[in-house]
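*Asks:* So the sequence lines, in the order shown, correspond to chains B and V.
Residue numbers for the first sequence follow our numbering, beginning at 1 and rising by one.
Residue numbers for the second sequence follow our numbering, beginning at 1001 and rising by one.
Do not take every clue at face value.
[Said to hold, decoys possible] Cut-off 25 angstroms, straight-line C-alpha distance, at most; resulting in silico cross-link-like pairs (SDA-like, lysine to any residue): (1) B:Lys387 x V:Lys1331; (2) V:Lys1243 x V:Gly1409; (3) B:Lys38 x V:Val1107; (4) V:Lys1331 x B:Ile17; (5) B:Lys308 x B:Asn210; (6) B:Lys186 x B:Lys295; (7) B:Lys90 x V:Lys1331; (8) B:Lys355 x V:Lys1331.
[To be verified] Some but not every residue of chain B turned toward chain V, in silico, with C-beta under 8 angstroms: (9) Asn23; (10) Gly60; (11) Lys387.
Everything labelled a hint here was simulated from the structure, so no lab data went into it.
Beta carbons: idealized from backbone N, C-alpha and C, even for Gly.
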Amino acid sequence: MGIEAINAHDKELLTDIQDALANCMKCGNCQAVCPIYKEIGKESAVARGKLALMEGVLSGKVGITEHFEELMGLCLCCKACAANCPCGVKPDELVIRARQAIMKARGLGPIKTGVFKLLSNRPLFDFSLRMAGLFSPLSFKKLPGRMAAVARFPMPGLDVKKVMAPMAATPLRSKYSEVIKVKNPKMRVGFFTGCTINYMYTDIGDSVINVLKYNDVEVVIPKNQHCCGTPVSVYGDQERAKVFARHLIDVFEDYKLDYVVAACGTCTEALKLEYPHWFADDPQMKARAEKLAKKTYEISEFLVDVLKFKKDKLGTVNETVTLHDSCHMARGIHVTKQPREVLKAIPGIKFVDMKDSDRCCGSAGSFSMAHYDLSRDINDKKVANIKATGAGACAVSCPACRMHIMDGLVQNQVDTDVPHVVQLLDRSYKAGKAY
Amino acid sequence: MNKAYVDELIKIVGEEYVLTSIEDLHCYSYDATPGYSNMPEVVVRPANAKEVSEILKVATKNQIPVYTRGSGTNLSAGCVPMKGGIVLVMTRLNKLLEIDLENLVAVAEPGLVVAELNTAVAKHGLIYPPDPGTVATASLGGTISENAGGLRGLKYGVSKHYVMGLEVVLSTGEIIKTGGKNVKDVSGYDLTKLFTGAEGTLGIITKAIVKLVPAPEARKSMMAIFKDLDDAGKAVSGIIAAKIIPATLEIMDNASIRTTEDYAHVGLPLDAEAVLLIEVDGIKEVVEKEAAKVIAVLKENNAAEVHMAKDDAERDKIWAARRAALPALAKLRPTTFVEDATVPRSKVPDFLKAVSRISKKYNVTVGTFGHAGDGNMHPTIVCDLRDKEEMKNVYKAMDEMFTEAINLGGTLSGEHGIGLGKLPWMEKQHGPQAMNAMRSIKRALDPALILNPGKLLGEC
Ligand SMILES: Cc1cc2nc3c(=O)[nH]c(=O)nc-3n(C[C@H](O)[C@H](O)[C@H](O)COP(=O)(O)OP(=O)(O)OC[C@H]3O[C@@H](n4cnc5c(N)ncnc54)[C@H](O)[C@@H]3O)c2cc1C
Ligand code: SF4
Ligand code: SF4
Chain B
1 MGIEAINAHD
11 KELLTDIQDA
21 LANCMKCGNC
31 QAVCPIYKEI
41 GKESAVARGK
51 LALMEGVLSG
61 KVGITEHFEE
71 LMGLCLCCKA
81 CAANCPCGVK
91 PDELVIRARQ
101 AIMKARGLGP
111 IKTGVFKLLS
121 NRPLFDFSLR
131 MAGLFSPLSF
141 KKLPGRMAAV
151 ARFPMPGLDV
161 KKVMAPMAAT
171 PLRSKYSEVI
181 KVKNPKMRVG
191 FFTGCTINYM
201 YTDIGDSVIN
211 VLKYNDVEVV
221 IPKNQHCCGT
231 PVSVYGDQER
241 AKVFARHLID
251 VFEDYKLDYV
261 VAACGTCTEA
271 LKLEYPHWFA
281 DDPQMKARAE
291 KLAKKTYEIS
301 EFLVDVLKFK
311 KDKLGTVNET
321 VTLHDSCHMA
331 RGIHVTKQPR
341 EVLKAIPGIK
351 FVDMKDSDRC
361 CGSAGSFSMA
371 HYDLSRDIND
381 KKVANIKATG
391 AGACAVSCPA
401 CRMHIMDGLV
411 QNQVDTDVPH
421 VVQLLDRSYK
431 AGKAY
Chain V
1001 MNKAYVDELI
1011 KIVGEEYVLT
1021 SIEDLHCYSY
1031 DATPGYSNMP
1041 EVVVRPANAK
1051 EVSEILKVAT
1061 KNQIPVYTRG
1071 SGTNLSAGCV
1081 PMKGGIVLVM
1091 TRLNKLLEID
1101 LENLVAVAEP
1111 GLVVAELNTA
1121 VAKHGLIYPP
1131 DPGTVATASL
1141 GGTISENAGG
1151 LRGLKYGVSK
1161 HYVMGLEVVL
1171 STGEIIKTGG
1181 KNVKDVSGYD
1191 LTKLFTGAEG
1201 TLGIITKAIV
1211 KLVPAPEARK
1221 SMMAIFKDLD
1231 DAGKAVSGII
1241 AAKIIPATLE
1251 IMDNASIRTT
1261 EDYAHVGLPL
1271 DAEAVLLIEV
1281 DGIKEVVEKE
1291 AAKVIAVLKE
1301 NNAAEVHMAK
1311 DDAERDKIWA
1321 ARRAALPALA
1331 KLRPTTFVED
1341 ATVPRSKVPD
1351 FLKAVSRISK
1361 KYNVTVGTFG
1371 HAGDGNMHPT
1381 IVCDLRDKEE
1391 MKNVYKAMDE
1401 MFTEAINLGG
1411 TLSGEHGIGL
1421 GKLPWMEKQH
1431 GPQAMNAMRS
1441 IKRALDPALI
1451 LNPGKLLGEC
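Using the sequences and the hints, build the whole thing.
*Replies:* Written as structure tokens, this is what we have:
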């Protein structure tokens, strides 16, 4: 195929977003907020440039080349541009559309193909990560006091310096029985753990369970649940993402649940907002997705808005605490008040807001693996803002942010812990001898 | 691409800062102006004046056009490389070099974002007043080159009132300094003013000395609703006649009131013909007195309703309405033209009526808001650039609007610049002799005619 023919073919892959692209008035307002643009300084890094490149594909001026793929990779999908756009354009969603087109035109890169294949095979994925958990002490050196570890020897695809969460010796879902009974159950709630909490941050999962139990909730942790699909969706593998979504809907439908909670902004957004979207042209699946969406809550949101969590036995937690509003919490599901409400209810906590609390930490899932140095530069700004508050703990609502911020703090020798909001509540209940 | 001069550019700034891939070039083929784009041959991102000078020497030697770019937010196609050549991106020169509290000036590089300059000087109780709607993104060099204004223009003036001195690289590569920190300075031609608003056609600004002023200690915001456009016009003149110069005196016409209300639900009455938004600032006692006087004038001129903000929250609400005007219009249709034809203050109602008549005549959607106090209107046309038939009408409507502005004794552009979009009406406004005088200046300062060629004056 000649260049023209290839470009003509590429063009077809994006025709359905033509109108969405035309809505960008090129005002450049996104330059003020895009964390990637702030670091790189090139127009191709900012939303306006990325949208222009997609238009370039449509007009046949630009092809879906390796460089195009690289440039579309340089997006955190943090939605800061969308929130700031006078024309209501959603560049983050359009970038994902471009990545889908790239997938079709160029396929996934070799590394992603391997990882995504592994991710698709639930038993194999589970097995691999369990093995990693068993061998975790060998390959990672634990850092004292905090849930953090650095790789002892270089691992493929992992920067040696990067601080990761230790892999759990026993995944969360193996630690607990599938249904956790309480004496006088008020309701029956499914816990969607997500991968990171299941395999790495089981401590967050423990706290979710403790807190829900104490609030008279029967907790159900469906054994066969799997990844929510966002990690593959944001890289454009939409077909595979839908397989995940379908599986998750199947699994959670099997239990009679009043609600579903997740302790991760990104996972919650997938169930609550993305799935109905993904099945837009499949009415039957869409209806099922919407049913699940209506039941789904992020943990702080659930504790404050639905459960009205018990406040009688909150013990003192003497700590200055600040909060990182992750992208999917702040601009995805719009949950920023509830985590603050949880934190402020805890006696002894001195709450201090940091500057730009809703600015992306630079993690963006696997983005921080593929572009470690860049994501560190973005992270350093977050760390500086955390440091300026003098907080002993920076609370988060996303395990991936927890890992990335922890990495930044360690690299910058800042001695702040990064607990999930629900862990601080758990700690307070424990201090108040609630259980 | 295989151009020998590109290797020379790489030697000057280093490989990392010379962009030649199709993808990168495509990203510098446009700015914020609808309807103009063209691919450059190469994009260069220098770090300092010396590198800029070397680049210009190469460009002059090879006769390559140079299109300087700050943040690329201008609305007159000032950064679009119509003839290919070099796009010279100034954003790496972004240092704030000095805040001189004794002389109340700041010295900064052109790539510094204006809002960042303001944040830095705010710590000292100072402001840099020119605040275009793009203050959070626009570069100092870009605003100086467009002579940008903003909401506070009526009382505080526009960029040219704050630029005291410049460092400029000429197309030959020579580096010159103009002006300085002196409040009074009549030594020679005022080159500082000449380069201010020159839209990158005369030289490249690599450093600027700008004036700072004390931040006002108090402010009061008001909103008045008018059922009759002429009353609103009279109120504007009345406020000035009462010897009050508000920091901000804005107007929104019925079309922009309706779209804004529909989008932002800020409580504007849909049948109002005009809304005035006013802010007075300064010393607390004076502000109180002036605000009372403004309210009196508004009522005298039959304002149907007058609101005064009691606190910051109410103040924010008033200005949210004004800020929502552009996004509300922009969301209606894919393409948005924000024009800035300006008329003498007293002619604002006449101009608004003309715009509304023209929009009906050509069946195009136009909402107008703008700086009533200084006559600077923003008739904002929303349309779809892809619809050829509609665009014919849009361009006809624009033509009539600009002609109307000139006939009312106004000007084509109050703050966005001429660039390419308004070139066709330049001769109508200035006459052939004045155009010739301007072209001679261009030829004298840029004999190779490589700096932003074809813009502002057309071909020389
Ligand atoms: C939504 C919106 C609202 C706006 N509101 C306003 C407003 O209220 N008031 C207003 O005045 N403008 C407004 N503008 C226009 C625009 O923001 C201003 O013109 C701004 O000053 C441009 O700054 P920039 O850094 O983006 O310059 P650019 O667009 O990059 O450049 C502007 C011009 O200056 C030249 N230039 C840039 N840097 C240099 C340099 N260092 N040396 C020499 N020449 C240089 C360029 O060649 C070009 O001709 C608005 C634009 C948009 C999109
Ligand atoms: S994406 Fe939105 S903010 Fe960015 S240039 Fe386009 S219209 Fe402006
Ligand atoms: S989603 Fe975030 S990283 Fe991506 S373009 Fe928008 S602001 Fe930049």
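*Asks:* Can you give the numbers of the hints that this structure goes against, from lowest to highest?
*Replies:* When the structure is compared with the hints, numbers 1, 8, 10 and 11 turn out to be violated.
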